[in-house]
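Enquirer: Sequence:
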Amino acid sequence: MIEFSDVGQLRSPIVVAAFEGWNDAADASSAAVEHLESTFDARVVGAIDPDDYYDFQVNRPTVSGTGDARKIAWPTTRLSVASPTSGDSDLILIRGLEPNMRWRSFTDELIEAVHALGGETVVSLGALLADSPHTRPVPINGTAGDAGTAARFRLDASKYEGPTGIVGVFADACTRAGLASVSFWAAVPHYVANPPCPKATLALLRRVEDLLDIEIPLDDLPERARAWERQVDELAAGDTEVAEYVRALESREPETELPEASGDAIAREFERYLRRRGR
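Residue numbers (our numbering): 78 to 356.
Keep in mind that a hint or two might mislead.
Simulated DEER-style distance windows between Cβ atoms [to be verified]: (1) Thr-143 to Ala-254: 43 to 51 angstroms; (2) Ala-224 to Arg-303: 25 to 33 angstroms; (3) Leu-312 to Ser-141: 27 to 35 angstroms; (4) Ser-328 to Gln-134: 41 to 49 angstroms.
No lab work stands behind these hints: they were computed from the structure. Here a beta-carbon is modelled for each residue, glycine too, at the ideal position from N, C-alpha and C.
With these hints in hand, go ahead and build the complete structure from the sequences.
Expert: Here is the structure:
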C-alpha cells in the first residue's frame, strides 16, 4: 500500500495521470503532468514501491551527488497534490513509468490511492504517433469510460479495439471501480517523434484546462511550441521528400474543415482568452 504524507485537506480533488513509455509519444503527455507539477508547486505525497513492478535492467536507477550526499533515485510512479488558484478543485497528479510487470496489481494500488485521497474523476493523458502534419493544430482525441461520464463532459465513449498500454488499463480499471474516467490522446507527427514535442503538450494542457474549467499558466510553453514548429519547417525545407510528404498530409483535410475551425472550438478559444484576462 502507498503511504501518504503531507496531504492536507483537499477540495474535491481531480486526478490527472500520465505514464512514460509506450503511451507517451515524444514525452508529450508526461511533460503535461510535469508542467502541472511545476506550475502549481505540487508536493509529492506518496510513491509506489518499485520493486514489485519495474525491471531495473530495463528502467535503471540513477545515481547523483558527490561524497556523502550521493544518492540513488529508483524509477517509480509518484503521486503529488496541487492547488490551482482558479477553480473549485485540487489536483492529484500521477506521473511515472509504465510498469514492466503485474499491471493489475499496479492499477489496484493506484485506484486505492485515488479513493484514499478522495478523488472521483480521473483524467488520463496519452500521446501516439500519427499521420498528422506538424503545421496543423495537434489533434486531441477525448473519450470517456462510460455513457454517463461521456454525457457529463460531452465526449464520446471509447470505441478503440487493439493493443493497449498502461493508460488504457488504468482508465478501464477506474471505470470498473466507479470512478469517472476520461482520456485525452495527442497525435504526434510520426516523422518528428523525438522528444520533446511542446506543441502536443500544449494541446493536452488546453484540453485539461477546458475540461476542468481552470486556468493553467503556460509560461514559455506557447513560444517553445512555435519554435518547435519553426524547426520542423526548416527540416522540411531542407528535405524534398519530407516537404512533399507534409503537403500530402495537409491535402487530406483542408484547414477550414478541421475540428479546430468549428464554431465550438472558436468559442472555447475565446473563453480561454477571456479567462486569462481575468474576466
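Enquirer: Run every hint past the structure and note whether it holds.
Expert: Verification of the supplied hints:
1. Thr-143 to Ala-254: 43 to 51 angstroms: Distance hint for Thr-143, Ala-254 holds at roughly 45 angstroms.
2. Ala-224 to Arg-303: 25 to 33 angstroms: violated (39 angstroms)
3. Leu-312 to Ser-141: 27 to 35 angstroms: Roughly 34 angstroms apart at Cβ, these two residues keep to the hinted range, so it holds.
4. Ser-328 to Gln-134: 41 to 49 angstroms: holds (46 angstroms)
Of the numbered hints given earlier, the model fails hint 2 alone.
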